[in-house]
Amino acid sequence: MTAVDDRPEAQSAEIGKARRRKEDQRLITGRTKWTDNIHLTGMLHLAMVRSPLAHATITNIATDGARSASGVMAVFVGADIADIQGLNITAWPVTADQKSPDHLPMVLEHVAHAGEIVAVVVARTAAEARDAAELVDVDYDELPAVLDLKEAATDAVLAHPSLGTNKSAFWQLDSKEGGTGEDVDEAIAKAREDGIVIEREYRQQRLIPAFMEPRSTVVDPTGEQVTMWSSTQVPHILRFCIAATTGLPESKIRVIAPDVGGGFGGKLQTTPEEFVTLAVARKLGRPCKYTETRSETMVSGHHGRDQWQKLTLSAEKDGTVTGLKVELLADLGAYAAIVGGGVPVLGAWMYNSIYKFPAYRFNTTNLYTNKTWVDAYRGAGRPEATFAIERIMDELAAEVGVDPLTIREQNWITHEEFPFTSVAGMTYDSGNYEAATAKAKELFGYDELRAEQQERRDSNDPVQLGIGVSTFTEMCGLAPSRVLGSLNYGAGGWESASIRMLATGTVEVITGTSPHGQGHETAWSQIVADRLGVPFENVEVLHGDTQIAPKGMDTYGSRSLVVGGEALVLAADKVIEKARPIAAHLLEANIDDLEFASGSFSVKGTDKGIKLTDIALATFAGHNLPDGVEPTLDADATFDPVNFSFPHGTHLCAMEVDTETGATKMRKYVCVDDIGVIINPLIVEGQVHGGLVQGIAQALWEGAEYDEQGTLVSGSFVDYTLPTAADTISFITDHTTSPATSNSLGTKGVGEAGTIASTPAVVNAIVDALRPLGINDITMPCTPERVWTAIQSAGSNQSEPTPTEVQPHFEEGSGNQDDPGTATQGAGQ
Amino acid sequence: MTRITVTVDGTSYSDEVEPRMLLVHYLREAVGKTGTVIGCDTSNCGACTVHLDGRSVKSCNVLAVQADGHEVTTIEGIAVNGELHPMQKAFHECHALQCGYCTPGMILQAIDVLNENPHPSEEEIRVGLEGNLCRCTGYHNIVKAVQQVAGQDSPVEQPEGATAGVQS
Numbered sequence: 001m002t003a004v005d006d007r008p009e010a011q012s013a014e015i016g017k018a019r020r021r022k023e024d025q026r027l028i029t030g031r032t033k034w035t036d037n038i039h040l041t042g043m044l045h046l047a048m049v050r051s052p053l054a055h056a057t058i059t060n061i062a063t064d065g066a067r068s069a070s071g072v073m074a075v076f077v078g079a080d081i082a083d084i085q086g087l088n089i090t091a092w093p094v095t096a097d098q099k100s101p102d103h104l105p106m107v108l109e110h111v112a113h114a115g116e117i118v119a120v121v122v123a124r125t126a127a128e129a130r131d132a133a134e135l136v137d138v139d140y141d142e143l144p145a146v147l148d149l150k151e152a153a154t155d156a157v158l159a160h161p162s163l164g165t166n167k168s169a170f171w172q173l174d175s176k177e178g179g180t181g182e183d184v185d186e187a188i189a190k191a192r193e194d195g196i197v198i199e200r201e202y203r204q205q206r207l208i209p210a211f212m213e214p215r216s217t218v219v220d221p222t223g224e225q226v227t228m229w230s231s232t233q234v235p236h237i238l239r240f241c242i243a244a245t246t247g248l249p250e251s252k253i254r255v256i257a258p259d260v261g262g263g264f265g266g267k268l269q270t271t272p273e274e275f276v277t278l279a280v281a282r283k284l285g286r287p288c289k290y291t292e293t294r295s296e297t298m299v300s301g302h303h304g305r306d307q308w309q310k311l312t313l314s315a316e317k318d319g320t321v322t323g324l325k326v327e328l329l330a331d332l333g334a335y336a337a338i339v340g341g342g343v344p345v346l347g348a349w350m351y352n353s354i355y356k357f358p359a360y361r362f363n364t365t366n367l368y369t370n371k372t373w374v375d376a377y378r379g380a381g382r383p384e385a386t387f388a389i390e391r392i393m394d395e396l397a398a399e400v401g402v403d404p405l406t407i408r409e410q411n412w413i414t415h416e417e418f419p420f421t422s423v424a425g426m427t428y429d430s431g432n433y434e435a436a437t438a439k440a441k442e443l444f445g446y447d448e449l450r451a452e453q454q455e456r457r458d459s460n461d462p463v464q465l466g467i468g469v470s471t472f473t474e475m476c477g478l479a480p481s482r483v484l485g486s487l488n489y490g491a492g493g494w495e496s497a498s499i500r501m502l503a504t505g506t507v508e509v510i511t512g513t514s515p516h517g518q519g520h521e522t523a524w525s526q527i528v529a530d531r532l533g534v535p536f537e538n539v540e541v542l543h544g545d546t547q548i549a550p551k552g553m554d555t556y557g558s559r560s561l562v563v564g565g566e567a568l569v570l571a572a573d574k575v576i577e578k579a580r581p582i583a584a585h586l587l588e589a590n591i592d593d594l595e596f597a598s599g600s601f602s603v604k605g606t607d608k609g610i611k612l613t614d615i616a617l618a619t620f621a622g623h624n625l626p627d628g629v630e631p632t633l634d635a636d637a638t639f640d641p642v643n644f645s646f647p648h649g650t651h652l653c654a655m656e657v658d659t660e661t662g663a664t665k666m667r668k669y670v671c672v673d674d675i676g677v678i679i680n681p682l683i684v685e686g687q688v689h690g691g692l693v694q695g696i697a698q699a700l701w702e703g704a705e706y707d708e709q710g711t712l713v714s715g716s717f718v719d720y721t722l723p724t725a726a727d728t729i730s731f732i733t734d735h736t737t738s739p740a741t742s743n744s745l746g747t748k749g750v751g752e753a754g755t756i757a758s759t760p761a762v763v764n765a766i767v768d769a770l771r772p773l774g775i776n777d778i779t780m781p782c783t784p785e786r787v788w789t790a791i792q793s794a795g796s797n798q799s800e801p802t803p804t805e806v807q808p809h810f811e812e813g814s815g816n817q818d819d820p821g822t823a824t825q826g827a828g829q
Numbered sequence: 001m002t003r004i005t006v007t008v009d010g011t012s013y014s015d016e017v018e019p020r021m022l023l024v025h026y027l028r029e030a031v032g033k034t035g036t037v038i039g040c041d042t043s044n045c046g047a048c049t050v051h052l053d054g055r056s057v058k059s060c061n062v063l064a065v066q067a068d069g070h071e072v073t074t075i076e077g078i079a080v081n082g083e084l085h086p087m088q089k090a091f092h093e094c095h096a097l098q099c100g101y102c103t104p105g106m107i108l109q110a111i112d113v114l115n116e117n118p119h120p121s122e123e124e125i126r127v128g129l130e131g132n133l134c135r136c137t138g139y140h141n142i143v144k145a146v147q148q149v150a151g152q153d154s155p156v157e158q159p160e161g162a163t164a165g166v167q168s
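Residue numbers (this note's numbering), protein chains in the order written: chain L, 1 to 829; chain E, 1 to 168.
Hint data in this document are derived by calculation from the structure and do not stem from the laboratory.
Hints may contain errors.
Result set (PhoX-like, lysine-lysine): computed pairs, CA atoms no more than 25 Å apart in a straight line [what the hints assert, rightly or not]:
| hint | chain 1 | residue 1 | chain 2 | residue 2 |
| --- | --- | --- | --- | --- |
| 1 | L | Lys356 | L | Lys310 |
| 2 | L | Lys252 | L | Lys33 |
| 3 | L | Lys356 | L | Lys283 |
| 4 | E | Lys89 | L | Lys356 |
| 5 | L | Lys608 | L | Lys574 |
| 6 | L | Lys17 | E | Lys89 |
| 7 | E | Lys89 | L | Lys283 |
Excised from the complex, chain L in its bound form (with noise of 0.2 Å):
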């Protein structure tokens, strides 16, 4: 039986409670520590010459003409920075024996993906060096580039031709061998004989990440400790990354991450440009910065998602799922990247979902090939994983002629029923499927909505009305450190907390995550105020310095609050443990008879009582302690969670399809996720909002296309085609709450929750709205062309002819949307 919460209503003042962002104020008014706002006295800045070429070999550099440009203080190729520039490596080996081509932040003869650094200029101003960049002249051999991730597969063309193999790694999860399931290929053998089986492969293209602020990175090496500036999601990491491979003690290098203007996963990376400026500014003992284009982004920072995906399904005849086998082909790129080949194994548990499927096999092949390194993108593994069960348990209800919402009901795992460990191995403990659809259906209209595409369907209605569907899952707050040490992951998944109480009364937290837009500076201080009985205005919240916030393991995978949010909880009880002694010596009371209430200890059953502030400024005086006892209230604590977090939910999206032009217009999305406890609804909401319009786009709009020579063409916001206002429209998101058990606050993780879900439910909304054409899938982006492509392929609408004039399918000046208000009445009752 899941579990419910039933702990008392309004528990604490500051849980759940929709608080105002204490972050906004320096954002809304520009006060704001961008990296690339900083400037140092002396400081130099960065051009980076960047290969053209997929794959070549460099023969000469020419650098004169740089060198003796106006404002050029040097030049730098990559044989000049060898001894100190150290590596980009990959904290993820998913196999002993992965092959991962060392990542060196500027290459030294081997190109492998156009965009990768062969020279860098550095000048006294940015334009100069940008000018100046334009005068190196780079000789290189062009070798063959190998682009398509199929054809890497066969190596025929090698990304590397060094290693011999494009093959980074296989990795496998099997139920049979694993011990949590059947024989998949006994499911498959018995339902191609007596029951059914189906066979799709999907296509996940390759996104880029497009966070707004472009990368930068200030080095300034003039200190005792070198300290880096960078807009990271990751600095401990950075920091440790720097130390494992330039020959830099840890302890003399501090990074920063300042304000950092989003990363969705882009930015957690080690970057190339990180350690080339870290050199540069080494080596010429001077502060320096170097601030990327937006163009650069496009070819240097890291990609997401880009592999194909072969799935089995199995069931009986009634739509029972008996079995689920599922190949991949990913491609990395060019490099491991930090995750590099885990993104995919990421998946291994998510493609079973929230089903009870009693056989399940998962393979990935790791590929690399010559385009940009490709790694963890808002979701990292599980999306994809999402996006194909989803996708094929439409073609299922299809298949069984059921509607989707009915094949889901009969294989998914009931809330009676938790915990349950999946047949991938993962114990769910929580989670109420019934419920969040029940009020997903609600809110949407679903039967309502059911009953107009009938109509349309019946009136052949030249626009016609899909719904979509997606009931998923994920596993959330990476990670527990012993899981990760059993998947060969280069370090652990805890998350460390300190809170400094200090002596007028306000209160410092100190946090490992490293927040880019989430909030946390609000979200912490409101569980440490809420626990510590303290205001929300007086607690401060520290990040993002290694020097101000030692231990950290930063922020991604809808770890921050699950298993960082638990740190707080852990210090802050043992700060008030800290404080018993002391307050019971100062009331000269039994330590036994004191209640720890709203801030407060008091003497039970007599009015006697002190704050612990108060116990804060006694503790910093220190002249009235009992024996003992150290003066500190100060405490630390590391989180190391023993599971993962499952949260869930529903998402249901109507999208009216053109069946003339091909075109695709969101007429209504509604999602009730359940992510368990929610400690602020505003900023939860705003995770989803944003998640949802991500997933949305990799269905309907984004891609990264390379030509044949391995040039991004997308390579730009112009050729990206990231959604605009104009593009989207406004959301109904709902909860409902089954507490995760594996942190005492109950939280699950929202940040990939959205984009998780939405990709297949506006896919499945497409392929049902055209269904009865005959048609079963679209490849993503599922852009007019494609879905006018598979119109006219499907043979509908061409016997009869066009309508001299064509009547404006979608109304002019109308919203784009419905009525919200039309579907929600008799909601949240």
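For chain L, the structure is supplied; the task is to place chain E on it using the hints.
Coordinates of chain E only, in the frame set by chain L:
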């Protein structure tokens, strides 16, 4: 080099600039107005939006010399005597920002949208903000903030109890 005199957020500045210098670089590097930021190099993202004589422009699309003799208002100049502009307040109140990088440009564009049309429909707001990209918010709460300043209802009224963590 060319001498220009520009009023930025109410203060007059006189500088020698390269004729090729973009207004955004002038604001950031010469005047020190780093609240105005650069997000792309193709005039797509709108992060650098400021007001030139009261109308919104992408300051990466204007040369500094073109601003000679004109008035520029940045995100740092719209609060009056410490009192936030209603659009700044609405962005805070409606949680219309996350990482905040697009926010200065978005706020200045949103002000311009309402200057042009004080009572826009949701659709008109969305089209008015089309030239400003945001990757965090999905635009939902940005639209809501603009509607709040325009004195309108939210685009989507959340059902009662929707965000309160309903028991399952």
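To see whether the hints hold, each was checked on the structure:
Taking the CA atoms of lysine 356 (chain L) and lysine 310 (chain L), the gap is near 20 Å; set against the 25 Å cutoff, the hint holds. Of the pairs offered as hints, the one joining lysine 252 (chain L) and lysine 33 (chain L) holds, with about 23 Å between alpha carbons and a cut-off of 25 Å not exceeded. Simply put, lysine 356 (chain L) and lysine 283 (chain L) have alpha-carbon atoms about 59 Å apart, too far for the 25 Å limit, and the pair is violated. For the given pair, lysine 89 (chain E) sits about 49 Å from lysine 356 (chain L) by alpha-carbon distance, which is inconsistent with the 25 Å threshold.
At roughly 23 Å between alpha-carbon atoms, lysine 608 (chain L) and lysine 574 (chain L) fall within 25 Å of each other, so this suggested pair holds. Proximity of lysine 17 (chain L) to lysine 89 (chain E) is assessed by CA-CA distance (about 19 Å); at most 25 Å being required, the pair is judged to hold. Note on lysine 89 (chain E) and lysine 283 (chain L): the hinted pairing is violated, with a Cα-Cα distance of about 47 Å set against a maximum of 25 Å.
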